[in-house]
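Participant: Each chain, letter by letter, is given below.
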Amino acid sequence: MYDAPYTERTTAVTDVKISARDVQVYYGDNHAIKDVNVDIQDKTVTAFIGPSGCGKSTFLRCLNRMNDTIDICRVLGKIELDGEDIYDKRVDPVQLRAKVGMVFQKPNPFPKSIYDNIAYGPRIHGLAKNKAELDEIVEKSLRRGAIWDEVKDRLSEPGTGLSGGQQQRLCIARAVATEPEVLLMDEPCSALDPIATAQVEELIDELRANFSVVIVTHSMQQAARVSQKTAFFHLGNLVEYGETGKIFTNPEDPRTESYITGRIG
Amino acid sequence: MRQHIASAFDRDLEGIQAQIMKMGGLVEASIRDSITSLADRDEDLAERVRAGDKAIDALEETLNDEAARVIALRAPAASDLRVVLSVMRIAANLERIGDLTKNIAKRTGVLVHMPPVGGTGSSLKRMAREVELMLKDALDAYIQRDQALARDVIERDLDVDQMYNAMFREFLTFMLEDTRSITPCMHLHFIAKNIERMGDHATSIAEQVIYLVSGELPDEARPKSDSVASVGVDERGAGPGPEAEG
Chain A
682 MYDAPYTERT TAVTDVKISA RDVQVYYGDN HAIKDVNVDI QDKTVTAFIG PSGCGKSTFL
742 RCLNRMNDTI DICRVLGKIE LDGEDIYDKR VDPVQLRAKV GMVFQKPNPF PKSIYDNIAY
802 GPRIHGLAKN KAELDEIVEK SLRRGAIWDE VKDRLSEPGT GLSGGQQQRL CIARAVATEP
862 EVLLMDEPCS ALDPIATAQV EELIDELRAN FSVVIVTHSM QQAARVSQKT AFFHLGNLVE
922 YGETGKIFTN PEDPRTESYI TGRIG
Chain B
116 MRQHIASAFD RDLEGIQAQI MKMGGLVEAS IRDSITSLAD RDEDLAERVR AGDKAIDALE
176 ETLNDEAARV IALRAPAASD LRVVLSVMRI AANLERIGDL TKNIAKRTGV LVHMPPVGGT
236 GSSLKRMARE VELMLKDALD AYIQRDQALA RDVIERDLDV DQMYNAMFRE FLTFMLEDTR
296 SITPCMHLHF IAKNIERMGD HATSIAEQVI YLVSGELPDE ARPKSDSVAS VGVDERGAGP
356 GPEAEG
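Quick note, the sequences are listed as chains A and B, same order. Residue numbering for the first sequence follows my numbering, starting at 682 and increasing by one per position. Residue numbering for the second sequence follows my numbering, starting at 116 and increasing by one per position.
Keep in mind the hints are simulated off the structure, nothing from the lab. No false leads were slipped in.
Facing chain A, a subset of chain B residues (Cβ under 7 Å, in silico):
| hint | residue |
| --- | --- |
| 1 | R117 |
| 2 | H119 |
| 3 | G330 |
All C-beta atoms in this analysis are idealised placements derived from N, C-alpha and C, irrespective of residue type, glycine included.
Work out the full structure, taking the sequences as your base and the hints as a guide.
Facilitator: Structure (structure tokens):
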């Protein structure tokens, strides 16, 4: 009773899931990310915070090579997932993205049924041998997305007919359907109301048991609530990276202090 | 440090810090007045000290309300959070010092009707003066975010402890020499103990200054000289009394 833990702040594992070394990103001549070195832990929620244009989303998108689709974007340095260079020529970006899933700011369900939204990924990656297995994956994913009870009787209805918060949880369920190892979330709650936000945050905390979650957020309170590790970006630099409780009570860098106390925007 | 983007936040934080200074001023005066009332055998002044404690208590309540409001509305982080937390703790320390001065005034009300004992008045006054200075410096250190001054205050608590130890022995001697002096000496001893406790509260305020500036409380390595608690039966057969009530 006396040594009952506070809200779980520490992580049981310290395994490094993603390791970034001397990462530079250029958009044409614009040096957007400068010398970023960071080790992202497994089974941990890591929050990226920083003012607009600081590079946090750009860096997040490097982690599953979403920047490949931008012609003028160049990524230098090394990013390893479980010790393997994800920018190696032999790596298929599509396979990489099955392992490193992503959820975006605006819920973007496919214009298909709720069932097919989830089944799409497992089908193209051949994760189910038959209909029964696929049904199982769909149910498991929707349960992980904390939306099963709300949609189980209307799986054939279009995903776009759900409310905003439900759509976002559907997208999270879709992202976890391919059994990724890392889940990247770019402002997943900024289009949601406070109740839906709380549901997604609760979901993120549950997902931590199985995945490494990296979340970009403009809400410092959200970063403080959901993450165990926080990284502060400013003008393309990773200024400070550490335990979330430490960052929000006693940060080391004056720029971090200024940002989290609302002194620079 | 630069201003917040939300300037109302700056006003809130300045507001609670101004309140702490106001409360500190009242408490310093209360220390001075309580000990003056004892030295001058001034019952009216003692009565004013007792009445004045209400204002100190009221300020603490206001401060806690304001601090709770800032936490709820502004969600302060990092140094802002430490300002709010330290303000609440310092307010509690000041309130306790206020209670101790009130207790001194109460005992003064009794002592003025008894014959004076020895030359203990000036020792008590010197000790109270030292504690008042410690408090003043701790509050200055707070406003100036001066860690060095705060450390100095923490060091000086040792002197106060030693003064108290010396007085304890002095009172013991008086009581052994003349049993009729036991009642006034017990009151005087509690007064000395109260002043010693005020020194501890001033020290605690100084520690909050270090917490506010550095984010960490100082190590528990400060000098201590509480020899009274270990005075044994073989020596004089007396131990320290219970702590003063408010």
